[in-house]
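Enquirer: Spelled out from the first residue to the last, the chains are:
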Amino acid sequence: MSLVLYKTHLIPDLNTRPVDLKFEVMGDHFSIANTIKLENSDKELGQLPDRRAARAMGRSSLLLSAVGLQTQEILSSFIKKDCYRVGLYCAIDNGPDDYQCIQALMNTNESEFATIYKKNRSPKQYLKQLPNLAGAQLGIFLGIQGPLNVFIHSQYGPLHALEQAEFDLNNNLIDAALVCAAFSLEDPLLCHRVRKDYPGEAVLTEGAAALVLVSGGEKKNWSELTSNVGNISTSKRIYGIADLLINYCIGGDKNERTSII
Amino acid sequence: MNEQVLFSNVEESIRLVLNTEAGEITPESKLVADLGAESIDFLDISCELEKFVDRELDFKEVMTDLRVKQGEEVKDLTVQNIVDYLMVQ
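Chains as they are written, first to last, in this note's numbering: chain A, 1 to 261; chain B, 1 to 89.
Treat the hints with caution; some may be incorrect.
[Claimed, not checked] Now the in silico label distances, taken between C-beta atoms and shown as ranges:
1) A:E44 - B:Q70: 35 to 45 Å
2) B:E24 - A:Q103: 32 to 42 Å
3) A:G216 - B:P27: 53 to 63 Å
[What the hints assert, rightly or not] Keeping only pairs whose Cα atoms sit at most 27 Å apart, straight-line, the calculated BS3-like set for lysine-lysine is:
4) A:K236 - A:K220
5) B:K60 - B:K30
6) B:K75 - A:K124
7) A:K118 - B:K60
8) A:K119 - B:K30
9) A:K37 - A:K119
10) B:K75 - A:K196
11) B:K75 - B:K60
12) A:K43 - B:K51
13) A:K118 - B:K69
14) A:K43 - B:K30
15) B:K30 - B:K69
16) A:K220 - A:K22
17) A:K124 - B:K30
18) A:K196 - A:K37
19) A:K124 - A:K22
20) A:K124 - B:K60
21) B:K30 - A:K118
The hints are simulated quantities; they were obtained by calculation from the structure and are not laboratory data. Where a beta carbon is used, it is the ideal one built from N, C-alpha and C, also for glycine.
Model the full structure from these sequences, guided by the hints.
Expert: As structure tokens, then:
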């Protein structure tokens, strides 16, 4: 049993027209049809409580933090009471790869590999790529020290996050759960894969959503959220891994709060 | 490369890594105390700087060099310390 205390989302304006997104990977040019990016630049999203952190974060991670930080006010009383009893449950893809570095390393011989690797590979690249670090970073910003769970299933990630959060609430492991998900169009091959998962005219859209769950209310059947998976109307927006959560959070008013008596 | 160009390269490398505002980094800025750099940032700055100066910058060497010059232990580096070290190399 859980109660949605607060929900919020970050998506492009509904009037934004889709465009084809162009990429170059390993010298090959290709485009992903029908996409919408959020207007916020990485630099804007990088205005975080620790400004240095952005250097080690991919765009999805920045979006996750941007939307997660909107819950700061509502979570503050729980964190103040006991920061170990607030959990974080995220659905996010692996961070972007550095294809320029890979290209530089291709066809190098053994003797020059180490030098070229060191010159081209950012020491923070691995931090960008690990999805659990995106969640950990948000937890650090908010001061959450409870369980951190990160799910990376491309369609059911948010469902896994919601069910784990509800399980932890029901077992009295936590007092509050922050469930969040984010999807960005940063990595070309990820975009390519998601594009292939959905019909050609569905619009791949960047976005993020977060909701705060607490104990109480009725047992939620979160799996109902998945009834539309694989049954996508061609003109619908698709938010990648974050789709289920964003669609749930879009229902009702933005920044909707439930009062607990 | 003259000192002014070198300073601007060092400044840009640090600004990229530490995400500071333009004009925030001065020659007197200390990497740890003023700009909040951590160990991984030193590595990152070194990599960024290598793209400009085409040579590896080992911060341990910079600190050793400075300790020899000053005759005392060095706990933090200023941006000018890095520029000075690179100028004589």
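Enquirer: If a hint holds in the structure, say so; if it doesn't, say that too.
Expert: Hints versus structure:
| no. | hint | verdict |
| --- | --- | --- |
| 1 | A:E44 - B:Q70: 35 to 45 Å | holds (42 Å) |
| 2 | B:E24 - A:Q103: 32 to 42 Å | holds (34 Å) |
| 3 | A:G216 - B:P27: 53 to 63 Å | holds (58 Å) |
| 4 | A:K236 - A:K220 | holds (25 Å) |
| 5 | B:K60 - B:K30 | holds (16 Å) |
| 6 | B:K75 - A:K124 | holds (24 Å) |
| 7 | A:K118 - B:K60 | holds (17 Å) |
| 8 | A:K119 - B:K30 | holds (25 Å) |
| 9 | A:K37 - A:K119 | violated (31 Å) |
| 10 | B:K75 - A:K196 | violated (54 Å) |
| 11 | B:K75 - B:K60 | holds (11 Å) |
| 12 | A:K43 - B:K51 | holds (22 Å) |
| 13 | A:K118 - B:K69 | violated (30 Å) |
| 14 | A:K43 - B:K30 | holds (24 Å) |
| 15 | B:K30 - B:K69 | holds (18 Å) |
| 16 | A:K220 - A:K22 | violated (41 Å) |
| 17 | A:K124 - B:K30 | holds (22 Å) |
| 18 | A:K196 - A:K37 | holds (18 Å) |
| 19 | A:K124 - A:K22 | holds (26 Å) |
| 20 | A:K124 - B:K60 | holds (20 Å) |
| 21 | B:K30 - A:K118 | holds (26 Å) |
In this structure, the hints that do not hold are numbers 9, 10, 13, 16, in rising order.
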